[in-house]
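Colleague: Sequence:
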Amino acid sequence: MEPSPMALVSDPPLRHVAIIMDGNGRWAKARGLPRTVGHYRGAESVRKVIDRAVEHGIGYLTLFAFSSENWKRPLDEVRDLMGLLRFYLDREVKLLIDRNVRLNFIGDRSRLSSDMRDLLHRSVERTRHCTGMVLTIAISYGGRAEILAAARELAADALAGRVDLDGLDEESFGARLQTHDLPDPDLIIRTSGEQRISNFLLWQLAYAEMIFVPTLWPDFDAAALDAALAEYKRRERRYGAV
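Counting along the sequence shown from 1, when you hit position 159 you're at 244 in my numbering, and nothing is skipped either side.
In case anyone wonders, no lab produced these hints; they're calculated from the structure. It is possible that some hints are incorrect.
Below, simulated DSS-like cross-link-like pairs (lysine-lysine); rule was C-alpha separation at most 25 Å, straight line [unchecked claim]:
1. Lys133 to Lys179
2. Lys157 to Lys114
3. Lys133 to Lys318
Make the full structure from the sequences, and use the hints.
Modeller: Dropping the structure here:
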């Protein structure tokens with residue numbers, strides 16, 4: 086096991102890390118294994134990264150687990166992914182509680198089965214008392230759909246006279262997003278070598294630092310997270326200023 090790190094110290098502080106977990110399928114294909122094996126190995130990486138993030142004192146960790154576009158995948162793979170999520174939550178929620186991690190979900194739950202929606206709700210309730218890191222898992226999530234839903238809600242409120250558009254600003258619009266109770270990510274990491282954000286947190290990533298690593302997600306471990314955080318510490322964040 087890698088040695089535990091010191092709590093991360095950076096200026097400004099690193100509060101929120103978001104990760105696009107990519108490469109499960111390619112990891113399995115390279116080994117002549119079914120894609121589902123890659124997904125299961127990827128779930129093991131999730132545990133390693135959560136543990137390391139807690140050790141670093143990171144307040145918020147958001148993982149992109151299943152996008153709105155992933156519904157286009159073969160039915161068998163979607164079924165396997167949902168089964169893996171059930172397995173993960175059944176097995177891991179107690180460990181999250183032991184680590185004082187509070188669980189949160191974002192995404193379009195209407196596309197999930199009723200039993201899956203119930204499972205997500207129960208998992209959130211079981212960790213509601215936790216006061217440590219907030220773990221947000223994005224399932225059936227798309228950034229454009231999130232912004233569009235907020236815009237529709239805003240338009241309906243404006244037509245009904247419940248909101249004054251002259252007073253609308255970024256903060257009040259952001260309060261209508263699913264991430265309204267989370268700070269914007271300071272850092273986004275994408276694995277597998279791809280260099281795009283794939284419709285993930287489009288509003289929230291406006292000033293996030295981005296790190297793209299070649300490592301496939303099942304091989305991404307505590308040491309890989311340490312390396313990404315060390316790279317972040319070397320960055321100078323100007324937010325458009327000098």
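Colleague: Each hint needs a verdict: does it hold in this structure or not?
Modeller: Status of the hints after comparison with the structure:
1. Of the pairs offered as hints, the one joining Lys133 and Lys179 holds, with about 15 Å between alpha carbons and a cut-off of 25 Å not exceeded.
2. Distance hint between Lys157 and Lys114 is fulfilled; the C-alpha atoms sit about 20 Å from each other, no more than 25 Å.
3. In summary, the hint linking Lys133 to Lys318 is supported, as the alpha carbons are separated by about 21 Å, within the 25 Å threshold.
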